[in-house]
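Residues in the sequence shown are numbered from 19 upward in steps of one, following our numbering.
It is worth saying that the hints were derived from the structure and are not from the lab. Since we're looking at a predicted model, the values are computed, not measured. Certain hints may be false.
Listed next, the in silico SDA-like pairs over lysine to any residue satisfying Cα-Cα at most 25 Å (straight line) [as the list claims (entries may be wrong)]:
1. Lys269 with Gln242
2. Lys276 with Glu308
3. Lys269 with Gly314
4. Lys276 with Gln226
5. Lys137 with Arg90
6. Lys137 with His122
7. Lys299 with Gln324
8. Lys206 with Glu193
9. Lys206 with Arg168
10. Lys206 with Ala363
11. Lys276 with Glu219
12. Lys276 with Glu264
13. Lys299 with Val315
14. Lys206 with Lys276
15. Lys137 with Cys177
16. Lys275 with His122
17. Lys299 with Ile48
18. Lys275 with Gln226
19. Lys206 with Thr192
20. Lys299 with Leu336
Per label pair, the in silico range of CB-to-CB distance [stated by the list, open to error]:
21. Glu58 with Ser134: 38 to 48 Å
22. Pro56 with Asp317: 41 to 51 Å
23. Thr305 with Val221: 30 to 40 Å
Don't be surprised by glycine CBs; every beta carbon is placed ideally from N, CA and C.
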Amino acid sequence: MQETEHLSSCARFLSEFSWIYNARMTDLLIAGTLDAIPAEWVNHIDKLSDEELGKVPFGLIKGHLARVLHRRYGFTVLGIDCDASHLLKAQERLQHSGCTENIHHFTLQVDDSAASLEKVRHMLLNCPDHVPCTCGEEYKSDKELTTKNRYVLVSLHGCGQLSPGLVRMFHALTELEALVCIGCCYHKATQLDNYFPLSHELVSLGDQWLSPDARYQGLRLACQELRDSWAPDREPRHLLFRALLEVACQKYGLPWKKSRRHMARHSQLSSWDAYREHVMKDVHCHTSDEHDSWCGVLDRLHTSHQHQLPAVRTLTLLRQLLQPCWEGVVLGDWARWSGARLVAAFPSAASSPRNLALLLARQPPPH
């Protein structure tokens, strides 16, 4: 009962403060998010130093997981990835690992469909025999490793719908004795139905809780690396510059098209002039007058909004505070729905951006 009340309480809390995260950061000026922040919050946060702000309490992976499970523990590993290029890299890495036995890679799109379940079941039934090797001598016993039909489903940083899909697969395949699942990229779901929320506690709230759009933005916030990577000085300036660019594009028709995977490097964020020049490299202008005209639009926007930098700083801090709460609600919802335990898998966020694992174990049959 206490866990149920806690989950519902967190959901109501996130609903009350949904204005903090229900718009993309690139749209924070267009959506008026900064105007919703109480002025006294901005004034208080603006008086804190960066040091004080820093003290606020707050799949297969290209073969790495497979190699660790085998080399350290001696397990036979069946590595599955939907991206064949990942498996090629995993095979290359395996050739240089010192042991190529007992790690087998497969390309397969895993979901909870009947066809996918049948393919995984066939793969388990045809699992290659364990080949004796010296890996995992500290942990393994011959009896455990030669026992057939004992499988644990392990997922590290499974994106989007993969995590609840693996829970459904675990319940459908009796060959699986346990599931250890660390999710990631919670917002990369093709749809929210049968994905989030799933527990009775949150489903029963219905539209009284959050709209689908707000839930999607909450899922995006849940998987962001804000707790340890947030930079009080650099991050707000970058976000304000990017938001100004979005206003120029949407409101004034700036013909800018992103041509690089990373918008701007640190040196290009050192000042507004440096950022503007970087942006203008991706704006096609027929004449120098047209170029100067667009620079003027950007400069006027910057002059009009540069006073809001403290508000952006406050917003990033508020989002940082809500991030672990949102991730806790997502995982708590899945845990209540599936009956799984939540276990801290890594000692710190420095080890992995996602730290909590869903743990399910099948009950042993009665003697």
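Verify the proposed pairing of lysine 275 with glutamine 226, using a straight-line Cα cut of 25 Å. Violated: lysine 275 and glutamine 226 sit about 39 Å apart, past 25 Å.
For a C-alpha distance cap of 25 Å, please report whether lysine 206 and lysine 276 respect it. holds, 21 Å
Would you check the hint for lysine 206 and arginine 168, treating anything up to 25 Å between C-alpha atoms as holding? Roughly 31 Å separates the two Cα atoms, so the pair is violated.
Lysine 137 and arginine 90 were given as a pair; does the straight-line alpha-carbon distance stay at or below 25 Å? Given pair lysine 137, arginine 90 is violated - Cα atoms ~28 Å apart, limit 25 Å.
Is lysine 206 within 25 Å of glutamate 193, Cα to Cα? violated, 29 Å
Threonine 305 and valine 221, beta-carbon distance inside 30 to 40 Å? At 58 Å between Cβs, range violated.
Quickly compare the C-alpha distance for lysine 276 and glutamate 308 to 25 Å and report which way the hint goes. holds, 19 Å
Falls inside 41 to 51 Å, the C-beta gap from proline 56 to aspartate 317? At 30 Å between Cβs, range violated.
Holds or violated: lysine 206 to alanine 363, with C-alpha atoms at most 25 Å apart: holds, 22 Å
Below or equal to 25 Å on CA atoms is what counts here, so check lysine 137 against cysteine 177. The given pair, whose Cα atoms are some 20 Å apart, holds under the 25 Å limit.
Lysine 269 and glutamine 242 were given as a pair; does the straight-line alpha-carbon distance stay at or below 25 Å? violated, 28 Å
Is the straight-line distance between the alpha-carbon of lysine 299 and that of leucine 336 25 Å or less? violated, 33 Å
When each numbered hint is compared with the structure, violations occur for hints 1, 4, 5, 8, 9, 11, 16, 18, 19, 20, 21, 22, 23.
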